[in-house]
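Chain C is already provided as a structure; the job is to place chains U, X and F on it using the hints.
Taken in sequence, the protein lines are chains C, U, X and F.
Taking our numbering, the leading residue of the first sequence gets 29, the next gets one more, and so forth.
Taking our numbering, the leading residue of the second sequence gets 84, the next gets one more, and so forth.
Taking our numbering, the leading residue of the third sequence gets 435, the next gets one more, and so forth.
Taking our numbering, the leading residue of the fourth sequence gets -9, the next gets one more, and so forth.
Hints listed in this document are in silico derivations from the structure and should not be mistaken for laboratory results.
Predicted, not measured: the structure shown is a model, and the values here were computed from it.
Just so you know, even glycine gets a beta-carbon here, dropped at the ideal spot from N, CA and C.
It is possible that some hints are incorrect.
Below, a list of computed lysine-lysine pairs in the DSS-like style, where the Cα atoms sit at most 30 Å apart [what the hints assert, rightly or not]:
no., chain 1, residue 1, chain 2, residue 2
1, X, 562, X, 573
2, C, 319, C, 254
3, C, 49, F, 99
4, F, 147, U, 285
5, F, 170, X, 652
6, F, 99, C, 400
7, X, 502, F, 171
8, C, 254, X, 448
9, F, 170, C, 400
Not close to chain X: a few residues of chain C, all C-beta gaps over 12 Å, as computed [unchecked claim]:
no., residue
10, 51
11, 82
12, 87
13, 114
14, 290
15, 299
16, 301
17, 303
18, 332
19, 334
20, 335
21, 343
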Amino acid sequence: MKEQKNIFNRQPDRSKYPAKKKNGKLDIDLSSGKFVKLWHGPNHPGVTGNMAIELTLSGDEIVDAKTHVGYLHRGFEKLMERRLWIQCFPTCIRMCVAEPDYNEYLLAKSAEELSGIEVPEMAEWLRTLVLEMARLQSLLRTVPGQAGTLSLGIGVQWGVYLRDLVLDLFEELTGGRVYHMYIIPGGVRGLLPDGFKKRMEEVLGKIDEFVKNIENLMFNNIVFKKRTKGVGYIKPSWVNKYGIVGPNARAAGFKRDVRKDYPYLVYDKLDFDITHETDSDIFARSMIRKKELVLTLDLIRQIMAKMPKKGDIKAQTPNVLHWKIPAGETYVRSESSRGEYGFYTVSDGSTKPRRINLRGPSYTHAVVLLEKLLINANIADVHSIMVSLQTCPPEIER
Amino acid sequence: MTNENKNHEKFLHEENKIREVKAPDGSIIKVDPLNDYFLDDRPEIKKPKTNKIVEKFLNWSRAESLWVLGFGTGCGSIEIPPLMTPRFDAFRFGVAMRPTPRQSNVFIISGYLAVKTLKRVIRSYEQMQGPKYVLALGSCTINGGMYWDSYNTINRLDHFIPVDVYVAGCMPRPEALLAGFMKLKERIKAGRGEGANEYAEKFDWYKANQKKIINDWNMPDYNW
Amino acid sequence: MAIKDILTPFTAWKKVFREPVTVKDPLNDRPGAERYRGFHKNELKTCIGCGSCEEICENEAIDLVAVKGYDTKDGDSGLRPMVDYGRCCWCALCVDVCTTGSLTLSNEYTWVAEDPEEFRFVPGAENKEWDNNELGWKKPTPNYEFYGQKRQTMEELHPEERDHSFIEMIKGYSKEQAQLEADRCVECGICIATCPANMGIPEYIKAVREDDMEYGLKVLYETNPLPEICGRICTHKCETVCSVGHNGEPLSIRWLKRYIADQVESADYKRILGTDGIENNGKTVAVIGSGPAGLSAAHYLSLLGYKVTIFEQFAQAGGMMRYGIPEYRLPYNQIDKDIDYILSLGVDIKYNTRIGKDITLSELRDKYDAVFAGTGLHLGRSTGIPGTDHENVYQAIELLNKITEGKEIHVAEKIVVIGGGNVAMDITRSLARLQNQKYGRVQMIATALESEENLPADVEEVLEAREEKAIVNAGWGPKEIEIKDGKIKGLHVVKCLSIFDAEGRFNPKFDEDNKNFFEADMVVESIGQGMDINYITEDIKAELKFGPRGRITVDENIQSDAKWLFVGGDIIQGPDVIHGIANGHKAAYGIDNFLKNK
Amino acid sequence: MEKKNKSSIVNIKSSIIDDIKSRFEITDIVHRRDNMTFVTCEKQKTIALITHMKTNLGFKHFVLLTAVDWIEDGKFQLTYILNNPKQKLDIAVRTMISREEATMETAHKLWKQIATYQRELKEMFGIDFPGSPRVDENFILEGWNDIPPYRRDFDTKVYAEETFFPRPGRKTNDPAEYMKKNLHK
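The shape of chain C in the complex, shown without the other chains:
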């Protein structure tokens, strides 16, 4: 794959500066006055999550970056070790605020796989619906959010409003606005309410229009193009080396999508193609997310059309108050809007999990990869790059 030429880069070449010491480390002497330390974060106004990047600047160019996480650490993996399996269900959701449903699904799936419980078909369809809705609402924040990082706030205003409409639908279906707590081990917690399909179609129609508008606003916008093309370039060879997954890998030309590669739930009954871009810069990643948004709209429509009308919503599990899951371990994964999202679950045969470990895409994207991408970037692009990787600190530190 040919590497994209950096046509819009307005930066002078400073690749030889700062000089390297003999041991290979950068020669950064803060007291020389040539370098400045700048902390990006940890406070944030509700876009990514609390996370700090310790930047070392030379002029407005970044010569060194260190990420600092842990501002949102609650110790979920420890807490879940002292909760019953059913009690983990409300707990694990909070590991990622933006798309909590993937946590619900993965916990349920792990428990079901380890104990060999079959979930009714209706529940599988509803789960798929909820997961796609979760992706939809997450993308409605991040697609315009990318423009928002360049101070193009109007897309964010539209997106947040539409996301709110999706949240209203969530509220109808699941009873919760942000934390839905809907996918429970064994099944789901309710059928579609009356008239849900119609209201869903209304909202989807509005989002269709939004996609057109955002196309005009962002992707045909000269400022956006100039600020994003060629910036934050990820070499395709890094994809395996840095463990890049999801949209970020797809934007680099890798056709990888858990929904297609390891079909779970009812994705094998849905008709879709993996989104694909090759430029691997911020623009390409934004484009991928927009395509994902369109794909999600299509998938939701397919689900609504193909879904059975009624059926059981939950398989009978053992009494949840003393549900023992047979000893064993498993890893289950799903495709969140950020990429491969998986739970590694170990059970020792008791009523509580031995260990649940979350593999979040931000864990690989937002620490080592981000540090790498920020080198030689302009200070004004830090936030764009961070958002283009869809950084979500709560899932890094949990």
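For chains U, X and F alone, coordinates are given in the frame of chain C:
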């Protein structure tokens, strides 16, 4: 004043440790960065105006211009964008977001506080201009919420900074948050929004609580 | 980089003319959705305070507190959940697990306060504005359960297989069934208080679930030394209050108890219960009667080191359990299993020894340090209606005794049983079996004063009697036994309207116009039994106090006013096995206290 | 068609397992799913095994590295999950290391993100990976002076109650005990 607590010393960053520096004239100067680079005044208690009408007017104006610090500390911060965008449009109620503590007078603690964040929250809170108010969202700020048994999140916010209004929920909806703002306005107008003075009055108690759990007290005692 | 790229972003301006999307009054315009999980509501009257909500809450947000106006009673702990909104995460697991369905969430979501202490409240008791909200989260239906609602079906012999023989009809649970049944328990412990013996029910059910029979047996023997017997014929009052029974079927607590006892070989009992080599403390106690009360007392006294001697009037031990309960319900080998273990603790038993005839009570008083009397109700009561003196009118209890002893009894072709209690059902079904053996068909009618709903017998007993083709015809008062030519023709009855008067005294009212006639050539009376305490001589009687219905008054230690005499079992309480066991248990500790302080 | 796919993946998997079996001593092979297998390898050979899988068997994608504390056996289990994106196959390599001397060879040279995992393990479990970048720096916690929190012997509830001032004034009753007090004769 600083560096008294031996427990903190272990975690003190290299650049903040007391060290000796050679001056150009050859004399040795002892440098205590935490002491030397910051003012170590205690916060002041600002008494309300004696004139009732003036004070009432001031309170009314304070209540109608709530400038919120853009520092989302927990889950609840995800409900702040909807609140500030057209659907709920908090601007019409006099609520605006500001990027720095210096410009804001309301701090929304939007849920759980990890110890690491608490330290930043205290710094930010102390840097805010008085009179300042704290709005606490969700179960976590009241009694620990979901993370009541976590080793890394605090249980009771009112032990660390004075809180004006609590909003129940996990997480509270934007509407509930708006109701919290209404309550806060009511409180300020009634002259009960005295958080900053309370902090100054019980300063030692708050500091003791804060220092008990923040092991690397890598900052001056009071940042203003 | 076309000119288009510069111009198209301005298309956003066309939105300027669109209607704004702003919610006018966000605080009032947007109630929560139908399923919204807002603040808690609780129907305090339905709630039984089982604490399942507290148990499932991962945040320890729920406390159980006493609420005014709701007292502790059987099946209701009197506690109600208090929710701490400094902990709650609105997951509604508490709603989904609620055994009675009383707990729900409303769709109200705004609660703002300046004082953090305000956020604790007892839903339903504090008149919150959302108490009457219709909308909000309720447990999803159907087929959404956190624990099994259906009992494991107990395999039993088909009516055709069982109705002519005395083989045990209940087959008992398999391991798999027992574990599935035990899994349904929510471990609330509400049943414990209702059990007369206060057995550790959730604990032994847990032992079944975890397949730890030895621990299960230990729990059983803590309060009940006759698990095989109780596991079959206990009146299982616990099951009537089982919290799981509020939405589904109650747990089969009795069958689980039987399962544990059935799994352990009698040879292992001593090892498991650790009762080898108990030291004798040199004191002696006499126990009159080897019924449940006597055996229970003997068991616990032996564990305390007393040398116990039982005096039994019949040739075998067990009292009413052996001589009153038919073999198809309680096989004799199972009685022997429990009794043999108790006897193996060093208990002496003297058969065919009747107090008052073979030995007097005062002799016992002089020879032993204390005496426990659990003599039971062995005298049949008669209705006293005309015709009861006929030779073919029998007392149920006598017939049952004879069946046990293997004696030939008279079995007529058509039989009427007067009575609707468990004993009446026992004799009805026993005679039905004998009729089957003798005539190949059943012509049994059991009639009772009580109406169908209020029959004192257990529901399943009546059901099974009917399955065995006996007729149970409730709500009739016996009037007269018609006798023609010295032979019984049948029983005249009139409709019974009510049994007790306004003050609760026994005073049946009849509708004399509504008559009926049950054809029969044999009548069995089973309207209850009386006690025979003639062995208590007048001089001892003078020391005692007597309560209503001639029952001896005892204190909470089952100690009578003659300090050396302890009295328990059916003659003071019940009648049933489990009260007897409880009395025996208490008496053992009462006697121990008494003798230690003597 | 689908069935054929299924059997082919099982075949590929078994040939891969055979390959590593012939080169390394692996035990405890657990087939969790058609496309997922857990194997256990001894500590010294683990990194070599992973390197072999990456370079020769097409396991290009590294899924995760984490530890499980088996305090009863005095062991930490390290789990490396590797993914073969072409064959769509997962193999998880487990290795047991001593809890007392919790050190492991670093693998950060194979995949860059492993450095992050190893930093987390160092902080949360106290497992050392000498040579791993920034492994001694704070990752998540700040000023932590207790035993590493993910170890099983660290009791988070006790720690939280001692440290974080739970709001007083709560009292609960156990229904069974409460009824015992009020009802038992």
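Taking the hints in turn, this is what the structure says about them:
Our distance criterion of 30 Å between C-alpha atoms is met by residue 562/X and residue 573/X, whose separation comes to about 21 Å. Annotation: proposed proximity of residue 319/C to residue 254/C holds, straight-line Cα distance about 20 Å (limit 30 Å). Pair hint residue 49/C plus residue 99/F holds up; C-alpha atoms about 22 Å apart against a cutoff of 30 Å. With a C-alpha separation of about 29 Å, the suggested pairing of residue 147/F with residue 285/U holds against the 30 Å cut-off.
Of the supplied pair hints, the one linking residue 170/F and residue 652/X holds, its CA atoms being roughly 20 Å apart against a limit of 30 Å. Pair hint residue 99/F plus residue 400/C holds up; C-alpha atoms about 15 Å apart against a cutoff of 30 Å. A distance of roughly 17 Å separates the Cα atoms of residue 502/X and residue 171/F; the hinted pair therefore holds under the 30 Å criterion. With a C-alpha separation of about 24 Å, the suggested pair residue 254/C and residue 448/X falls inside the 30 Å cut-off, and the hint holds.
This hinted pair does not check out: residue 170/F and residue 400/C have alpha carbons roughly 66 Å apart, beyond 30 Å. Distance check on residue 51/C: its Cβ is at least 45 Å (rounded) from any Cβ of chain X, clearing the 12 Å threshold; non-interface status holds. The claim that residue 82/C lies off the interface holds: its Cβ sits roughly 34 Å from the closest Cβ of chain X, which is beyond the 12 Å cut-off. For residue 87/C, the shortest C-beta to C-beta distance to chain X comes to about 27 Å, beyond the 12 Å cut-off, and the non-interface label holds.
Listed as a non-interface residue, residue 114/C fails to keep its Cβ farther than 12 Å from every Cβ of chain X; the least gap is roughly 7 Å. Distance to chain X confirms residue 290/C as a non-interface residue, since its nearest Cβ pair spans about 29 Å, more than 12 Å. Consistency note on residue 299/C: stated as away from chain X, and its beta-carbon is indeed over 12 Å from all of that chain's, at 30 Å minimum. Residue placement check: residue 301/C keeps its beta carbon more than 12 Å from all beta carbons of chain X (closest about 27 Å).
Non-interface call for residue 303/C relative to chain X: holds, since the shortest CB-CB distance, roughly 23 Å, exceeds 12 Å. Residue placement check: residue 332/C keeps its beta carbon more than 12 Å from all beta carbons of chain X (closest about 19 Å). The beta carbon of residue 334/C sits about 22 Å from the closest Cβ of chain X, which is more than 12 Å, so the claim that it is off the interface holds. Chain X leaves residue 335/C outside its interface by the beta-carbon criterion, the shortest separation being 17 Å against a cut-off of 12 Å.
In this structure residue 343/C is not separated from chain X by more than 12 Å, as the shortest Cβ-Cβ distance comes to only about 9 Å.
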